[in-house]
Amino acid sequence: MTAILAVDALSVRYETPDGVVNAVNDVSLEIAAGECIGVVGESGAGKSQAFLAVMGLLAPNAKVSGGAKLRGRELLGTDPRALRELRGAELAMIFQDPMTSLAPHIKVGDQIAETLVVHKRTSWRDARAQALKLLEQVQVTDAARRLTQYPHELSGGMRQRVMIAIALACDPVMLIADEPTTALDVSVQAQILSLLKRLMRERGMALALITHDLGVVAGLADHVTVLYAGRVVEAGTVRRLLKQPAHPYTAALLRSMPRIDASVSEPLVAIRGQPPSPRELVGGCPFHPRCDLAQPRCAEERPTLRSTAGAMVACHFPIAASHGDLS
Amino acid sequence: MLRYALQRISGVIPTLFVIITASFFVIRLAPGGPFDEEQTLPPEIKANLEAAYGLDQPLLVQYGRYMRGLLAGDFGPSFKFKDFSVTELIAQGLPISLTIGLAAVFVAVLIGVPLGALAALRRNSASDYGIMGFAVLGIALPSFVIGPLFALIFGLYLGVLPVAGYETGQPKYLILPVVTLALPVIAYIARLTRGSLLEVLRSNFVRTARAKGLSPLRVLFRHALRPALLPVVSYLGPATAFVVTGSLVIESVFGLPGTGRYLVQGAINRDYTLVMGMIVVYGAITLLSNLIADLLYGWLDPRVRYD
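Respectively, the protein sequence lines represent chains U and A. The numbers in the numbering used here rise by one with no breaks, and the one at position 52 of the first sequence is 55. The numbers in the numbering used here rise by one with no breaks, and the one at position 38 of the second sequence is 428.
Be careful, since some hints might not be right.
To be verified - Here are the simulated lysine to any residue pairs, SDA-like style, with alpha carbons at most 20 Å apart: (1) U/Lys123 x A/Pro606; (2) U/Lys110 x A/Leu690; (3) U/Lys110 x A/Leu615; (4) U/Lys110 x A/Phe611; (5) U/Lys110 x A/Arg693; (6) U/Lys66 x A/Arg513; (7) U/Lys110 x A/Leu610; (8) U/Lys110 x A/Arg612; (9) U/Lys110 x A/Arg695; (10) A/Lys470 x A/Pro424; (11) U/Lys110 x A/Tyr394; (12) U/Lys110 x A/Met391; (13) U/Lys110 x A/Arg608; (14) U/Lys123 x A/Arg612; (15) U/Lys66 x A/Arg597; (16) U/Lys123 x A/Ser605; (17) U/Lys110 x A/Val694; (18) U/Lys110 x A/Asn594.
If you're looking for bench data, these hints aren't it; they were derived computationally from the structure.
Given these sequences and hints, build the entire structure.
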């Protein structure tokens, strides 16, 4: 399989007056053409940071190392001008908060058209005509009227659709969606997700879906990468990972999710403790202070990501497939 | 936008009416009158004078008479500058005050906004510290210090500009007053622009603009600058009014025959009509500059127009 996006040993760190913050540590992942990868983790696990680094959108004080190749072209550390030509054209991103992610003073149609004008040198007139088609594709009702409206005249779901239309304008090969539904109502969430699914299929576009919601991942993703404390702890196909999680963290995450088919009396199991702050360095496995299966070795030696029985997992004592059944 | 504009404009006339009415009665509350001087006039002469100016009438009658005159564009006679009507006095001085005031605001925006933007873009660099240091000085130093200092340097030592005075059609007399007047406004605008641009540059929609692959210049000018100018515009309304009407110090330092002195002299002399005339004019200027700021605000931020 040829990877559309290959992230290799990516690390992001900040040197602050209060010490070094390690936001992302040695993250590698690959996304194939037309594939959807779910990137899962708690708040502060480094999901957004990793992909903002790929986009070159981190704050100037971020120190990024490692590599990220889009169709074989290195993105990190390249000439900003060359990166800008890819950004918004071949590689697009949508964000968590549609309420504040659109420029308040520019008409919706022009915000979509601008991408085309800048990247494809389309005339404004043609770009606006295309913007109308894009709005229709992302199922915005009354699209012609929306073109001349300002973002504050649109609902949150509509605005996220506009964000998607902006991202899709230049037909990207890779779309990064950073918690695209977190700020939306549940019913709107489902609409946006099925829209993303359809657009992916129609366009053969790869999708990186950053989320803390395993339910979202289950519905959309082919592969999943689980991040904990800025590191990949487990990766694999969505089927295997949801059925037979190999890392105790993944298993705990699944147990902590409400299930529609569980009996009402069954309590939800929370993961004890707090995820480590990226400022502190936990020795050994970063998850060991919260892990029910931890052994002395877990506190001393950091497990590396390795392949065991069809799963990529960073754990000294992965849950074996035989008793990986969630009971 | 049209409805928003009409709404704003329709608010101006009633406000001006309230200002005029309130001022008319408040001035009369101050003890003394225009004809009370160190050497007391014989009561008959004083009574005659008051009758001649209508001051013997009940206050409400005087008010009605004044308002009628105002509607016809007549500010009445000055009590102290005996050969002049208030209209004539204002017509002489106002062009000068307006010119230096508006020029100062214009210069201040033209210099202050780019300086502030530069400081924001080069945050924590030498140029940022330099600009902000200058801004603190500009705000802290009063114009009666800077004015004479400029007159000393450019007028006496360098001899390139006149120290003071005014001759019609000679703009070189206005340069120092305009610069002195503009300096604190430049400083304030630079600080406002810097702060608000820094905030906007961190906002989500600027991140979206960058994610679209736009060039830094396009991100700055098309996406960030307009929202960042909102605080500057809301400051500009009162600031313009203040600079145009509050140039009294500058006018005395540089010996300019503007209107600033009339307000002070008029108030001390109880020159009711002159003070009222100045209040009407300054009130109108204040309302007008705030109106323009409001309209600009609506243009900058579409969300404002619909409230």
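Evaluated hints:
no. : hint                : verdict
1   : U/Lys123 x A/Pro606 : holds (18 Å)
2   : U/Lys110 x A/Leu690 : holds (12 Å)
3   : U/Lys110 x A/Leu615 : holds (16 Å)
4   : U/Lys110 x A/Phe611 : holds (16 Å)
5   : U/Lys110 x A/Arg693 : holds (12 Å)
6   : U/Lys66 x A/Arg513  : holds (18 Å)
7   : U/Lys110 x A/Leu610 : holds (17 Å)
8   : U/Lys110 x A/Arg612 : holds (12 Å)
9   : U/Lys110 x A/Arg695 : holds (14 Å)
10  : A/Lys470 x A/Pro424 : holds (8 Å)
11  : U/Lys110 x A/Tyr394 : holds (18 Å)
12  : U/Lys110 x A/Met391 : holds (14 Å)
13  : U/Lys110 x A/Arg608 : holds (16 Å)
14  : U/Lys123 x A/Arg612 : holds (18 Å)
15  : U/Lys66 x A/Arg597  : holds (18 Å)
16  : U/Lys123 x A/Ser605 : holds (14 Å)
17  : U/Lys110 x A/Val694 : holds (15 Å)
18  : U/Lys110 x A/Asn594 : holds (17 Å)
Violation of the numbered hints given earlier is absent; every hint is satisfied by the structure.
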